[in-house]
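These protein sequence lines are chains A and V, in that order.
When we follow my numbering, the leftmost residue of the first sequence carries the number 1, and every step to the right adds one.
When we follow my numbering, the leftmost residue of the second sequence carries the number 1, and every step to the right adds one.
Rather than coming from a laboratory, the hints here were simulated on the basis of the structure.
Be a bit skeptical, because a hint or two may be false.
[Claimed, not checked] Each pair of labels, with its calculated beta carbon distance range:
(1) V:414 to A:4: 34 to 40 Å
(2) A:27 to V:194: 38 to 44 Å
(3) A:27 to V:189: 48 to 54 Å
Even for Gly, the Cβ is constructed at its ideal location relative to N, Cα and C.
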Amino acid sequence: MGAHLLANYGEAVAMVLFGIGFCNLLLQPNLIKKIIGLNIMDTAVYLFLAEKGYIAGHTAPIVVDGVQSVDAYINPIPSGLVLTGIVVSVSVTALMLALTIRLYNRYHTLNLDEISRQLKKEGL
Amino acid sequence: MDFVCNFPCISILLCLFAGIISSGLRSHAAMWVNTALLAVNTALSVFTLTYTLENGPFVYVMGRFPAPWGNEIRAGVLEALMALFFCIIMLLSLFGGRHKLLQEVSENKIGLYYVLTDLLLSSLLALIYTNDLFTAYVFVEINTISACGLIMIRQNGRTIEAAVRYMIMSLLGSGMLLLGLCMLYDLTGHLLMSNIRESVALLAADGQYQIPLIVAIVLMSVGLCIKSALFPFHAWLPDAYGYSTVSSAAILSSLVSKGYIFLLIKIIYRVIGFDIYHDTRIIDILFLFGLMGMIFGSLSAIRENDIRRMIAYSSVAQIGYIYMGFGMGTEAGMTASVFHMLSHAATKSLLFIAAIGLTDVSGGSRKFIELTGSGYRHKWAGVTFTVGSLSMVGVPLFSGFISKLLFAQAAVQNHAKMLPALIVLGISTILNAIYFMKTVIRIYTPVEDSPYEGVTFRQTSMYSVVLAAFIVLNVILGVSSQPVVDMIRRGLAEFM
Numbered sequence: 001m002g003a004h005l006l007a008n009y010g011e012a013v014a015m016v017l018f019g020i021g022f023c024n025l026l027l028q029p030n031l032i033k034k035i036i037g038l039n040i041m042d043t044a045v046y047l048f049l050a051e052k053g054y055i056a057g058h059t060a061p062i063v064v065d066g067v068q069s070v071d072a073y074i075n076p077i078p079s080g081l082v083l084t085g086i087v088v089s090v091s092v093t094a095l096m097l098a099l100t101i102r103l104y105n106r107y108h109t110l111n112l113d114e115i116s117r118q119l120k121k122e123g124l
Numbered sequence: 001m002d003f004v005c006n007f008p009c010i011s012i013l014l015c016l017f018a019g020i021i022s023s024g025l026r027s028h029a030a031m032w033v034n035t036a037l038l039a040v041n042t043a044l045s046v047f048t049l050t051y052t053l054e055n056g057p058f059v060y061v062m063g064r065f066p067a068p069w070g071n072e073i074r075a076g077v078l079e080a081l082m083a084l085f086f087c088i089i090m091l092l093s094l095f096g097g098r099h100k101l102l103q104e105v106s107e108n109k110i111g112l113y114y115v116l117t118d119l120l121l122s123s124l125l126a127l128i129y130t131n132d133l134f135t136a137y138v139f140v141e142i143n144t145i146s147a148c149g150l151i152m153i154r155q156n157g158r159t160i161e162a163a164v165r166y167m168i169m170s171l172l173g174s175g176m177l178l179l180g181l182c183m184l185y186d187l188t189g190h191l192l193m194s195n196i197r198e199s200v201a202l203l204a205a206d207g208q209y210q211i212p213l214i215v216a217i218v219l220m221s222v223g224l225c226i227k228s229a230l231f232p233f234h235a236w237l238p239d240a241y242g243y244s245t246v247s248s249a250a251i252l253s254s255l256v257s258k259g260y261i262f263l264l265i266k267i268i269y270r271v272i273g274f275d276i277y278h279d280t281r282i283i284d285i286l287f288l289f290g291l292m293g294m295i296f297g298s299l300s301a302i303r304e305n306d307i308r309r310m311i312a313y314s315s316v317a318q319i320g321y322i323y324m325g326f327g328m329g330t331e332a333g334m335t336a337s338v339f340h341m342l343s344h345a346a347t348k349s350l351l352f353i354a355a356i357g358l359t360d361v362s363g364g365s366r367k368f369i370e371l372t373g374s375g376y377r378h379k380w381a382g383v384t385f386t387v388g389s390l391s392m393v394g395v396p397l398f399s400g401f402i403s404k405l406l407f408a409q410a411a412v413q414n415h416a417k418m419l420p421a422l423i424v425l426g427i428s429t430i431l432n433a434i435y436f437m438k439t440v441i442r443i444y445t446p447v448e449d450s451p452y453e454g455v456t457f458r459q460t461s462m463y464s465v466v467l468a469a470f471i472v473l474n475v476i477l478g479v480s481s482q483p484v485v486d487m488i489r490r491g492l493a494e495f496m
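All chains should be built: construct the whole structure from the sequences, respecting the hints.
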């Protein structure tokens with residue numbers, strides 16, 4: 001068990017980061033901290049993919065000297081997945097930030113619990 | 001390959017292009033583009049459905065890259081049926097809520113609303129048809145973003161807060177889904193559903209990597225449960241459904257959550273394999289949370305004093321029914337769940353659209369005290385709301401009865417889970433009856449010298465036609481359910 005963890009320390013770190021990000025997104029009352037948690041969570045997944053996609057000694061899959069052996073290159077798909085994931089997470093983060101600005105302009109606080117309290121008081 | 005095989009791909013692309021074109025059009029033109037798009041998509045789904053009924057399922061290879069590398073679309077009876085249903089319900093919901101949309105949303109945003117619905121439809125269709133897990137993830141995110149836009153298009157504090165809460169829960173869910181499918185990719189080396197299933201079957205036969213496989217399955221299942229608002233994760237739902245404009249509420253409750261559930265069905269059948277999924281015992285957890293949702297959702301609905309929020313809480317209970325059907329772990333349970341997806345989609349959008357007619361003739365108030373006697377002031381909305389309530393409670397003739405019957409039959413076939421399922425089904429039906437019949441009695445309690453005026457048919461002809469269409473849809477599902485159930489059975493068998 002311990003030896004496996006040591007050999008795959010990158011993946012282990014990625015899982016710990018995912019947990020940190022997940023808890024921040026779920027539990028922090030502050031909206032900006034929630035968004036930071038979201039970004040940590042997404043980045044952890046990319047770290048996991050990058051760790052899994054890299055094979056020691058292999059290079060990027062671009063053929064230059066006519067070497068076409070499978071042993072020479074890494075699999076390009078995880079990198080492609082990371083790029084797609086980054087695009088998704090950028091757009092989601094932008095949307096969350098826009099919503100945060102809207103809420104801040106209306107209620108002058110970033111605390112989601114406080115906003116809920118004010119909404120109850122409004123009784124809308 | 002026949003020309004019909006292009007239709008699923010064409011319908012997804014049409015939605016995307018319609019969204020792009022609509023963003024440059026004026027609101028009125030965008031509305032007509034959207035209506036035409038929905039009509040065309042309905043027609044395409046009908047063609048796909050008849051084709052798959054005759055010739056069986058087909059796989060459409062995108063760009064002609066062969067299986068392990070390319071991206072694929074798969075269409076069978078079940079997918080085409082779902083697509084057809086989603087298009088019809090979205091069309092009816094948009095028509096039914098149009099007058100409210102014009103009142104509640106500022107003039108320059110109405111065009112954007114139709115852009116968002118176009119994109120939402122594209123993501124729903126892609127979730128239905130895709131055969132590739134990562135494509136499914138990307139469209140899950142598109143679905144989330146456009147649904148968030150639908151919630152907050154009506155600008156007030158409540159909807160923005162609801163949109164933020166919705167986004168947070170959705171992002172937690174999609175994060176887990178992404179991690180789960182990355183793990184599955186690492187285990188199997190494939191992203192196409194059929195290839196993953198072959199590899200997973202090999203892994204299960206060897207007994208290798210059992211723990212990572214279970215972790216991946218759990219992450220994907222829980223992620224999709226969070227996104228579809230299964231019971232403990234429903235905190236965002238009443239505000240999002242209760243305060244957004246009525247078309248959004250109808251679309252969100254009847255289509256968006258169903259899209260995620262349909263993806264989960266595809267993951268269960270086409271990615272993991274039904275037997276392996278069954279052996280992981282995750283279905284017991286789904287079963288438990290489904291039962292809890294059925295009871296607690298109904299209890300929250302009884303306590304509610306606001307008609308829109310009451311219908312929203314009722315959604316929580318109905319999602320619980322669907323997951324309970326998954327939890328049975330049998331073919332019959334799955335069939336019941338899929339039928340309930342259709343029946344709930346038809347009924348819940350009907351209830352939201354009918355409720356808006358009742359609140360309109362009560363001075364815009366949604367409190368029950370003001371709604372007294374509104375069934376007389378707006379006759380069509382009153383009748384429609386009654387039909388929806390009867391369907392939800394499970395009175396014969398309406399679709400809700402058939403789904404309750406299918407659930408009960410499925411429960412009887414599964415000895416271990418028969419008792420809890422039947423007991424909770426009974427309790428939940430009684431609770432449903434309490435809050436829906438309370439509302440129906442309330443709207444048909446005559447009041448003397450009411451301060452609000454009624455409406456005539458002439459004033460609301462368009463809206464009334466939509467309500468009539470909803471009633472017809474509901475009765476069709478209830479009366480001639482056998483062909484639909486047969487199609488669902490056949491579609492699920494094709495998934496195997």
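Comparing the hints with the structure gives:
no.: 1; hint: V:414 to A:4: 34 to 40 Å; in the structure: holds (39 Å)
no.: 2; hint: A:27 to V:194: 38 to 44 Å; in the structure: holds (39 Å)
no.: 3; hint: A:27 to V:189: 48 to 54 Å; in the structure: violated (36 Å)
Comparing the model with each numbered hint stated earlier shows that hint 3 is the single one that does not hold.
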